[in-house]
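Top to bottom, those sequences are chains W and S.
First residue of the first sequence: 110, per the numbering used here; consecutive thereafter.
First residue of the second sequence: 110, per the numbering used here; consecutive thereafter.
Be aware that a few hints might be false.
Any copy will do: because identical chains look the same in the list, a pair fits if it lies in one copy or spans two.
Claimed, not checked - Restricting the straight-line Cα-Cα distance to at most 20 Å, the calculated cross-link-like pairs of lysine to aspartate or glutamate (EDC-like) are:
#1 K159 - D201
#2 K155 - D201
#3 K430 - E131
#4 K215 - E154
#5 K159 - D426
#6 K375 - D426
#7 K276 - E315
#8 K375 - D232
#9 K155 - D193
#10 K292 - E255
#11 K342 - D319
#12 K184 - D253
#13 K307 - D319
#14 K342 - E315
#15 K358 - E325
No wet-lab data here; the hints were simulated from the structure.
Protein chains: 2
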Amino acid sequence: MTHKFDVLGIGNAIVDVLVNVEDNFLTRNDIPKGSMQLVDEETSEKLYAKLGAAIECSGGSAANTIAGLASLGSKTAYMGKIKDDQLGAVFDHDISSLGITFPTAKDQSGVSTARCLVMVSPDAERTMCTYLGACVNLTEQDIDPEIVASSAVTYMEGYLWDPEQAKAAFRKAMSLAHNAGRKTSLSLSDSFCVGRHKQEFLQLAEHEIDILFANEDELLMLYDTQDMSVALKAVQQHCEVAAITRGAKGCTIVSANDIIDIGGCKVDNLVDTTGAGDLFAAGFLHGYSRNLDLGTCGQMGNLVASEVITHMGARPDVNLKQFLVDNL
Amino acid sequence: MTHKFDVLGIGNAIVDVLVNVEDNFLTRNDIPKGSMQLVDEETSEKLYAKLGAAIECSGGSAANTIAGLASLGSKTAYMGKIKDDQLGAVFDHDISSLGITFPTAKDQSGVSTARCLVMVSPDAERTMCTYLGACVNLTEQDIDPEIVASSAVTYMEGYLWDPEQAKAAFRKAMSLAHNAGRKTSLSLSDSFCVGRHKQEFLQLAEHEIDILFANEDELLMLYDTQDMSVALKAVQQHCEVAAITRGAKGCTIVSANDIIDIGGCKVDNLVDTTGAGDLFAAGFLHGYSRNLDLGTCGQMGNLVASEVITHMGARPDVNLKQFLVDNL
Numbered sequence: 110m111t112h113k114f115d116v117l118g119i120g121n122a123i124v125d126v127l128v129n130v131e132d133n134f135l136t137r138n139d140i141p142k143g144s145m146q147l148v149d150e151e152t153s154e155k156l157y158a159k160l161g162a163a164i165e166c167s168g169g170s171a172a173n174t175i176a177g178l179a180s181l182g183s184k185t186a187y188m189g190k191i192k193d194d195q196l197g198a199v200f201d202h203d204i205s206s207l208g209i210t211f212p213t214a215k216d217q218s219g220v221s222t223a224r225c226l227v228m229v230s231p232d233a234e235r236t237m238c239t240y241l242g243a244c245v246n247l248t249e250q251d252i253d254p255e256i257v258a259s260s261a262v263t264y265m266e267g268y269l270w271d272p273e274q275a276k277a278a279f280r281k282a283m284s285l286a287h288n289a290g291r292k293t294s295l296s297l298s299d300s301f302c303v304g305r306h307k308q309e310f311l312q313l314a315e316h317e318i319d320i321l322f323a324n325e326d327e328l329l330m331l332y333d334t335q336d337m338s339v340a341l342k343a344v345q346q347h348c349e350v351a352a353i354t355r356g357a358k359g360c361t362i363v364s365a366n367d368i369i370d371i372g373g374c375k376v377d378n379l380v381d382t383t384g385a386g387d388l389f390a391a392g393f394l395h396g397y398s399r400n401l402d403l404g405t406c407g408q409m410g411n412l413v414a415s416e417v418i419t420h421m422g423a424r425p426d427v428n429l430k431q432f433l434v435d436n437l
Numbered sequence: 110m111t112h113k114f115d116v117l118g119i120g121n122a123i124v125d126v127l128v129n130v131e132d133n134f135l136t137r138n139d140i141p142k143g144s145m146q147l148v149d150e151e152t153s154e155k156l157y158a159k160l161g162a163a164i165e166c167s168g169g170s171a172a173n174t175i176a177g178l179a180s181l182g183s184k185t186a187y188m189g190k191i192k193d194d195q196l197g198a199v200f201d202h203d204i205s206s207l208g209i210t211f212p213t214a215k216d217q218s219g220v221s222t223a224r225c226l227v228m229v230s231p232d233a234e235r236t237m238c239t240y241l242g243a244c245v246n247l248t249e250q251d252i253d254p255e256i257v258a259s260s261a262v263t264y265m266e267g268y269l270w271d272p273e274q275a276k277a278a279f280r281k282a283m284s285l286a287h288n289a290g291r292k293t294s295l296s297l298s299d300s301f302c303v304g305r306h307k308q309e310f311l312q313l314a315e316h317e318i319d320i321l322f323a324n325e326d327e328l329l330m331l332y333d334t335q336d337m338s339v340a341l342k343a344v345q346q347h348c349e350v351a352a353i354t355r356g357a358k359g360c361t362i363v364s365a366n367d368i369i370d371i372g373g374c375k376v377d378n379l380v381d382t383t384g385a386g387d388l389f390a391a392g393f394l395h396g397y398s399r400n401l402d403l404g405t406c407g408q409m410g411n412l413v414a415s416e417v418i419t420h421m422g423a424r425p426d427v428n429l430k431q432f433l434v435d436n437l
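The shape of chain W in the complex, shown without the other chains (with noise of 0.2 Å):
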């Protein structure tokens, strides 16, 4: 069955903050380390006036993903709402600017595109304050059905499950992917997440998604254990694919017959986690969709996740083509 796009993603389209903050601003503020919280546009507005100087650019989960796999050369869609204001225009460009097909309307009026303060701490972990702004307007109306059924791969982050509306939208993109015969994919976006929308995601698992992404703390909430071999079995009984990342220590590939534990690259100048999780996604799909095997595709997840920590920010800063062509 031919397809126009190897992957196509949906998610809550994102313009990051970036901002370098000491763990004492973190305490002081009572935000958890290592968090994505949903803040209210008031919220961010006065914490975003505690921080430093700051630089801006696209994020969003499953925008990122879809930005690193354009960017190591497959076919993608993405599909997110934003508003045509500033910020709008500069998430647009930088999807449109690699190619990739955006078709998703602009909000004319009404909350401002969305924005997340990211403060990213000494140790390159970061910590997130979402304001969710016109990411809350994305609905089923906007899930274009020709483009989900063409769509190899459509690849949704469980952050969407946060705006009331985007729900229904993932649950339609869901069902026409499945209708056109193509595979399902889910990122657990982080744990709080998984914590927000437990019983949904078990649900989503046991019996909608084809390729899971978690990390090992999202798979310990999910499936409410501290033993990874206990979720690792869970979720082999649940989905086709599951790629559970593990930080500098690479990650675990489960499927029906195998579950492959595949180290992490050496990387000398941690600077910025963001990204890490979206970008191990993007190598991972972009393996997948050229029907590579498993241990490879996983190689390649940790090889891209490689680069986007070495520098600010959560989108490649060098062709991953030819990235991936000097280091695999």
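Let chain W serve as the given structure and place chain S on it in line with the hints.
Using the frame of chain W, we list chain S on its own:
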């Protein structure tokens, strides 16, 4: 005579859009490498659409210098015109977060906050296309006499000669500073800018400016010579102090009795030369405002410039006060 501010900066308030390009992109688009050219909004948009994914951060030559001075611990103020839009909010935040007094009223309507497309070549050289936007609305009315009179040095960029009304603002500030017995300082900005305004810049250097900043090309262009020793002797007759940057070779400091060369700092990881001259001025003026000898001021300029060229963007990535302690 006591002062409230060590340095007041006045300049074009700009948000930078930073993007990596190959040199042949510049050739194809007829853009001289290393230049700063002014473009209208339509041309800016068309060029942006051709460029790859970018990062946004606050820029503006004098604003970069003032940000550097604030990070070094100087007492600073800045005047420049932005619109009350999202990119204006980014600029405002980044200035204010450093504790810089920023009294300029924002435009509530009209053209948007200025943007500079900064195209960074593989050799770290930057080429700029600037859409002046709201900068054209900086007028004499924006020059707060009390702030000028209470600033030990008023530092202005040559680029202010591009928006028509800003010249009058520049002249007003210069006159207010001298009437209060303060020092005036000018950065020649770039050689193309000197080419546009040579006669007026010569008059400024001869009659109005106490401390001149330039690189070698700009100084040669100003004095219409290919011989640096001729240019250095000419500027020695005109300005109390001239600080001439020479790229990797360091700088030459000219005063009434001396012309001294100060070797540059070794930089292993050159990434983006944007802001090198601006941050040199920050380091130099920080020393100058503390009455350090001119040789030390030059060393501080070299050192601070060496930090900003190791990463993308024209604002310091680290606390410069600490950086100076660790490296001087």
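Hint check:
1. Proximity of K159 to D201 under the C-alpha cut-off of 20 Å is restricted to the inter-copy arrangement: shortest distance 13 Å between copies versus 28 Å within a copy.
2. In this assembly of identical chains, K155 and D201 lie within 20 Å of each other by CA distance solely across copies; the values are 14 Å between and 26 Å within a copy.
3. For a Cα distance limit of 20 Å, the shortest separation of K430 from E131 across copies, 16 Å, qualifies, whereas the shortest one inside one copy, 35 Å, does not.
4. For a Cα distance limit of 20 Å, the shortest separation of K215 from E154 across copies, 18 Å, qualifies, whereas the shortest one inside one copy, 23 Å, does not.
5. For the homomeric pair K159 and D426, the shortest alpha-carbon distance between copies (17 Å) is at most 20 Å, but the shortest distance inside one copy (28 Å) is not.
6. Proximity of K375 and D426 under a CA criterion of 20 Å is satisfied intra-copy only: 18 Å inside one chain copy versus 25 Å between copies.
7. Taking the shortest Cα distances, K276 and E315 sit within 20 Å of each other inside one copy (17 Å), while across copies they are farther apart (69 Å).
8. Within a single copy, K375 and D232 get their C-alpha atoms as close as 16 Å, which meets the 20 Å cut-off; across copies the closest is 26 Å, which misses it.
9. In this assembly of identical chains, the alpha carbons of K155 and D193 lie at most 20 Å apart only when taken from different copies (18 Å versus 24 Å within one copy).
10. In this assembly of identical chains, K292 and E255 lie within 20 Å of each other by CA distance solely inside one copy; the values are 15 Å within and 67 Å between copies.
11. With identical chains, the CA atoms of K342 and D319 are at most 20 Å apart within one copy only, with a shortest distance of 16 Å there and 75 Å across copies.
12. Taking the closest pair of Cα atoms, K184 and D253 come within 20 Å of each other only inside a single copy of the chain (17 Å); across copies the shortest separation is 55 Å, beyond that limit.
13. In the homo-oligomer, the alpha carbons of K307 and D319 lie at most 20 Å apart inside one protomer (18 Å), although the nearest pairing across protomers, at 67 Å, exceeds that limit.
14. With identical chains, the CA atoms of K342 and E315 are at most 20 Å apart within one copy only, with a shortest distance of 13 Å there and 80 Å across copies.
15. For the homomeric pair K358 and E325, the shortest alpha-carbon distance inside one copy (11 Å) is at most 20 Å, but the shortest distance between copies (51 Å) is not.
The structure agrees with every numbered hint stated previously.
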